[in-house]
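Colleague: Make the full structure from the sequences, and use the hints.
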Amino acid sequence: MTKSMAGKATAEESGTGKKPLIMLLGMGDLSSRVLNMLLADPATNRVVLAGRDVEAARRRGNLARFTATNLGLIGEVDAVHIDLYDVDATAETLARVRPDIIFMGASLQSWRVITALPKETFEELDEAQFGPWLPMHLTLNHLLMRAVRASGTGARVVNAAFPDAVGPVLDKVGLAPTIGVGNVANIVPALTYGFAHLLGTDPADVELRLVAQHYFSHYVPRFGDAGKGAYHLSVRSGGVPAGEDIDHTAVFARLDGPLKRLGGIDGQLLTASSAARVVIGMATDSGILAHAPAPAGLPGGYPVRVGADGGTVDLDPSLPLDEAVRLNEVCQRADGIERIDDDGTVTFTEPEMAVMKRMIGYECRTMKLDDAAGWAEELAAKYRDFRKQFV
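Residues 0 to 390, numbered by numbering that gives the first Met the number 0, are exactly what the sequence shown covers, in order.
Simulated from the structure, these hints should not be mistaken for lab results.
Please read these numbers as outputs of a predicted model, since none were measured by experiment.
No residue lacks a Cβ here, since even glycine has one placed at the ideal position from N, Cα and C.
Please note that a few of the clues may not be correct.
[Stated by the list, open to error] Here are the in silico distance ranges between beta carbons for each label pair:
#1 T365 - S317: 33 to 39 angstroms
#2 I264 - E126: 19 to 25 angstroms
#3 D224 - D265: 19 to 25 angstroms
[Claimed, not checked] With a cut-off of at most 27 angstroms between alpha-carbon atoms, the simulated DSSO-like pairs for lysine-lysine come out as follows:
#4 K367 - K118
#5 K227 - K259
#6 K171 - K367
Modeller: Shown next as structure tokens:
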């Protein structure tokens, strides 16, 4: 029987004697928002913050802890030093601290950095899609997952850094994070409101199951259509199939109209809520329905039932898993990634990489996993030089 998040007992209440310990790694804007949400739930308010600047993490933790206390919630927040480039030391810290769940919020360059460019320049560079920026998100995840394996802790890793592609790449070498957050999950609430409006029903009665890769969730809210994105979307209202006669483009158009939301750094609030849904679901073994990228290393995003060990794919009965994977791999090509080979080597699409070459002088058509850090360094240097003209 599926249990709701609200009705699920905490680990402490269910007799294990201890709440799960949740580590937040990389205390940027997203992790800070997730921290506030976790401390607002008694099931997830045992937290340790990890990063290179322990004092900054401690102060951020104290701010969140004292804020929660003002709301009548007493949590535990600690801070530890972790430098992901030192895999052995990271493994030792993980073995000592023994987190049950690690939220991975660190990357070498946030997705939103290019949104600070002048509008026309950003829109032109955005034509490269997200795939070519993969080295910036894969590098630290690869280091973390090597440390997790070496630590022997069995910690489950929830990845927020381009999980749609990072997960399947690392899965090829047995190092995939447990599950991702954001992306496919970020578009589901607006789609729910859109279908509810056209069905003339309460959004609380509408349940969606969406299979889609990052490209789809990035494109639809900005342009009001699916672009080149392959996807599968099923709708239920009151527990029965609904909306078969509704043109999806009519719903998508509302996301660029009356349902248009703030993006950029403000939009991180939505990603944080999708992350909290997954982390709380894992901490409480809730079985709640959610949407998440890369469950168990699969490419793209899926509807999942969230439990202690991550997310179990929960597709509409009309859609086999192999077809869902195929759709996400097609959508992945629209995002600039041609394919991921069995050894983790990534081939990028020519048109999208051509945008990167023309605008910032960066070109990488094929990337081996072990070369990701080097490509990340080159990409960072090229982008730094490019943006100087706008400073």
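Colleague: Decide, hint by hint, whether the structure agrees.
Modeller: Right, here's what the structure says about each hint:
1. T365 - S317: 33 to 39 angstroms: Roughly 36 angstroms apart at Cβ, these two residues keep to the hinted range, so it holds.
2. I264 - E126: 19 to 25 angstroms: Between I264 and E126, where Cβ atoms are some 22 angstroms apart, the hint holds.
3. D224 - D265: 19 to 25 angstroms: For D265 against D224, whose Cβ atoms are near 23 angstroms apart, the range 19 to 25 angstroms holds.
4. K367 - K118: violated (33 angstroms)
5. K227 - K259: holds (20 angstroms)
6. K171 - K367: holds (12 angstroms)
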